[in-house]
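Asker: Dock chain B against chain A, hints included.
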Amino acid sequence: MIRFNAAVALGAFRLDAAFESDARVVALFGRSGAGKSVTIALIAGVLRPERGTIAISGHVLVDTEKGIFLPKHARRIGVVYQDARLFPHLTVRQNLMFGRWFAGRAEQTIDFDAVVDTLGIGHLLARRPGRLSGGERQRVAIGRALLSSPRLLLMDEPLAALDDERRREVLSLIERLRDAFGVPIVYVSHDVDEVARLASRVVVIDDGRVVAVGAVDEVFGPSQVHAGETRFGRSSVLTGRIAGMHAGYGLTEIEHPGGAIWLAGPAGAVGREVHLVVRATDITLATARPQNISVRTVLAGTVGQVEKDDGPLAAVTIALKGHGHLVAMTTRMAADELSLKPGDPVFALIKTVALDERSIASSGASPRAEQPPGGSQR
Amino acid sequence: MDVPVFKLSSEEWTAVRLSLQVALTATAFSLPIGLLAGYALARWRFPGKVLLDGVIHLPLVLPPVVTGYILLVLLGRRGTLGAFLAEHLGIVFSFRWTGAALACGVMGFPLMVRPIRLSVEAIDRRLEDAAGTLGANGLWIFILVTLPLALPGLLVGSILCFAKALGEFGATITFVSNIPGETQTISAAIYTYTQVPGGDANAWRLTAVAIVIALGALVASEIVQRKASRRLAQFE
Chain A
3 MIRFNAAVAL
13 GAFRLDAAFE
23 SDARVVALFG
33 RSGAGKSVTI
43 ALIAGVLRPE
53 RGTIAISGHV
63 LVDTEKGIFL
73 PKHARRIGVV
83 YQDARLFPHL
93 TVRQNLMFGR
103 WFAGRAEQTI
113 DFDAVVDTLG
123 IGHLLARRPG
133 RLSGGERQRV
143 AIGRALLSSP
153 RLLLMDEPLA
163 ALDDERRREV
173 LSLIERLRDA
183 FGVPIVYVSH
193 DVDEVARLAS
203 RVVVIDDGRV
213 VAVGAVDEVF
223 GPSQVHAGET
233 RFGRSSVLTG
243 RIAGMHAGYG
253 LTEIEHPGGA
263 IWLAGPAGAV
273 GREVHLVVRA
283 TDITLATARP
293 QNISVRTVLA
303 GTVGQVEKDD
313 GPLAAVTIAL
323 KGHGHLVAMT
333 TRMAADELSL
343 KPGDPVFALI
353 KTVALDERSI
363 ASSGASPRAE
373 QPPGGSQR
Chain B
11 MDVPVFKLSS
21 EEWTAVRLSL
31 QVALTATAFS
41 LPIGLLAGYA
51 LARWRFPGKV
61 LLDGVIHLPL
71 VLPPVVTGYI
81 LLVLLGRRGT
91 LGAFLAEHLG
101 IVFSFRWTGA
111 ALACGVMGFP
121 LMVRPIRLSV
131 EAIDRRLEDA
141 AGTLGANGLW
151 IFILVTLPLA
161 LPGLLVGSIL
171 CFAKALGEFG
181 ATITFVSNIP
191 GETQTISAAI
201 YTYTQVPGGD
211 ANAWRLTAVA
221 IVIALGALVA
231 SEIVQRKASR
241 RLAQFE
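Chains A and B, in that order, give the protein sequences. Quick note on our numbering: the first sequence kicks off at 3 and runs consecutively. Quick note on our numbering: the second sequence kicks off at 11 and runs consecutively.
Chain A extracted, bound-state conformation (with noise of 0.2 Å):
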């Protein structure tokens, strides 16, 4: 449970920005500058703020009324950067070792080994960080800071400075810590898929402001054309449960009142809850439903909005039936010749080999998506 409240200038920019959050995971998203570094930086204690209160489950960190500003080492705040950030004179099990030399023997709620074991980082114990790739360095970083036993965990863009491959594989890690040990998270990222994979709840911020608060599939909804979202970059959060699995071909069916959604390989139990994440490129419109196809997945909606301009492109925002949104892009030739006006019904195409397993999200509110402690799930 968080509670942030703060306002603080720096230079020309000011930040004033209240949210509220009781999600495993929340999401602070918002494109570079927007404030996200440094409501992290309030919340870490490295920033003070000239007015404002912020409050971890009951921990009042502070409070400027009353005159309390509680230092950074007090605050039991385990932050992850970017940069990683390990000592580079301490081994890898010195840096994991030190945060939780801090938090004393009895403030130690997490086991050293089942951290090791769920980031794989056993085999690295004895190096030094010079010596460790950036996926390597990163994981360390995560059990540092998850092994200070911290009554939250802060993760500033940890996969930003990781290729595609690592990024994958450390997202799965951050998912795998979040169900395994509880420790609350806040996620800053301007990343759609990362957001929505991990997180239940999202606070947008952009311009030292919360512009949108809530869960994942409403924020990334209809018409909110996002901080950091390119035209291209767009992308919509589907929210749908597992219907079964067809064994014969592989594929894994999405329960959706628009129509069922195909995915490639397992996506987990039956009934689960999961986010889909759709870029808006991948999506093909038709305003009859289509015969003869190879696109297994057919959505109905009906035509929320159009937006387009001079350029030869469209989006086309569109309401699926029973709930949830997406947008697609066309191209403004398309949309003119099928006339897409708000309220005509439409048909939404993805191709299944669009869907990969980066858009596969579990729910981390979803009570069905909790695993037992101890990282058992590997």
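Source of the hints: derived by calculation from the structure; they are not laboratory data. All of these numbers come straight from a predicted model, not from anything done at the bench. Just so you know, even glycine gets a beta-carbon here, dropped at the ideal spot from N, CA and C. Some hints could be false.
[To be verified] Short derived list, chain B residues pointing at chain A, Cβ under 10 Å: (1) Asp134; (2) Leu137; (3) Ala140; (4) Thr143; (5) Leu144; (6) Ile151; (7) Leu154; (8) Val155; (9) Val229; (10) Ala230.
Answerer: Quick look at chain B alone, frame taken from chain A:
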């Protein structure tokens, strides 16, 4: 000319022992003060910082004789500070080996402070922030992060100060004179031998010893530094 290098007379041995004693003492006492000064110059902002910087570096640019003379005036038996120290604390510097160590320490101090300052300045302060969020308070951050990361600077500073102290002549001889067995270091002894007829052989022997010590210190520092920098190999 015969050079019986390894047959040192007892006076020569005394000079060698004294030199090492003076240089080690000077380095040992300069180290904590040099660390404080280097850290302060690297990190703190305070009025008179430029002045402090200047004062620390003064012995580097002043003629050593001047430094020695200032020490003599201040800390000699009749000097204001010297009289006070002698009377109240029983500390006497003038014409003692401790005075030689003080003179050497003062001369070596700027050489010690500079590398310390540079290595403290080079430390990524975000590492210290990270240590803070992991629960370390200011003192622990200093002990566990700042100090080990500044170690190369501390080593280089110490070696330079030691080397300077070993070779110091002008300030020492001005402040504490050239008393065999008390303040006569290798340099002073060599100087004395060059002033007496037939002293060449003695001067040569001590010169050889000086070279051996200096080379040894250089090699040792090189080894230690290489080890340290390999250990600290920063990523990226």
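Asker: All hints are to be evaluated individually against the structure, with a verdict given for each.
Answerer: Status of the hints after comparison with the structure:
1. The criterion of a C-beta within 10 Å of any C-beta in chain A is met by B:Asp134, whose closest approach is roughly 8 Å, and the hint holds.
2. Because the smallest distance between the Cβ of B:Leu137 and any Cβ of chain A comes to about 6 Å, under 10 Å, the interface hint for this residue holds.
3. Annotation: interface hint on B:Ala140 holds; nearest CB of chain A at approximately 4 Å, less than 10 Å.
4. The beta carbon of B:Thr143 comes within 5 Å of a beta carbon in chain A, closer than 10 Å, and the hint placing it at the interface holds.
5. A distance limit of 10 Å between C-beta atoms decides the matter here; for B:Leu144 the minimum to chain A is near 3 Å, and the interface restraint holds.
6. Satisfaction of the interface hint for B:Ile151 is found here, the shortest Cβ-Cβ separation to chain A being roughly 8 Å, below the 10 Å cut-off.
7. Annotation: interface hint on B:Leu154 holds; nearest CB of chain A at approximately 8 Å, less than 10 Å.
8. Because the beta carbon of B:Val155 sits about 6 Å from the nearest beta carbon in chain A, less than 10 Å, this interface hint is met.
9. Checking B:Val229 against chain A by beta carbon gives a least distance of about 24 Å; that is not within 10 Å, so the hint is violated.
10. The interface hint given for B:Ala230 is violated, since its Cβ lies 21 Å from the closest Cβ of chain A, which is over the 10 Å cut-off.
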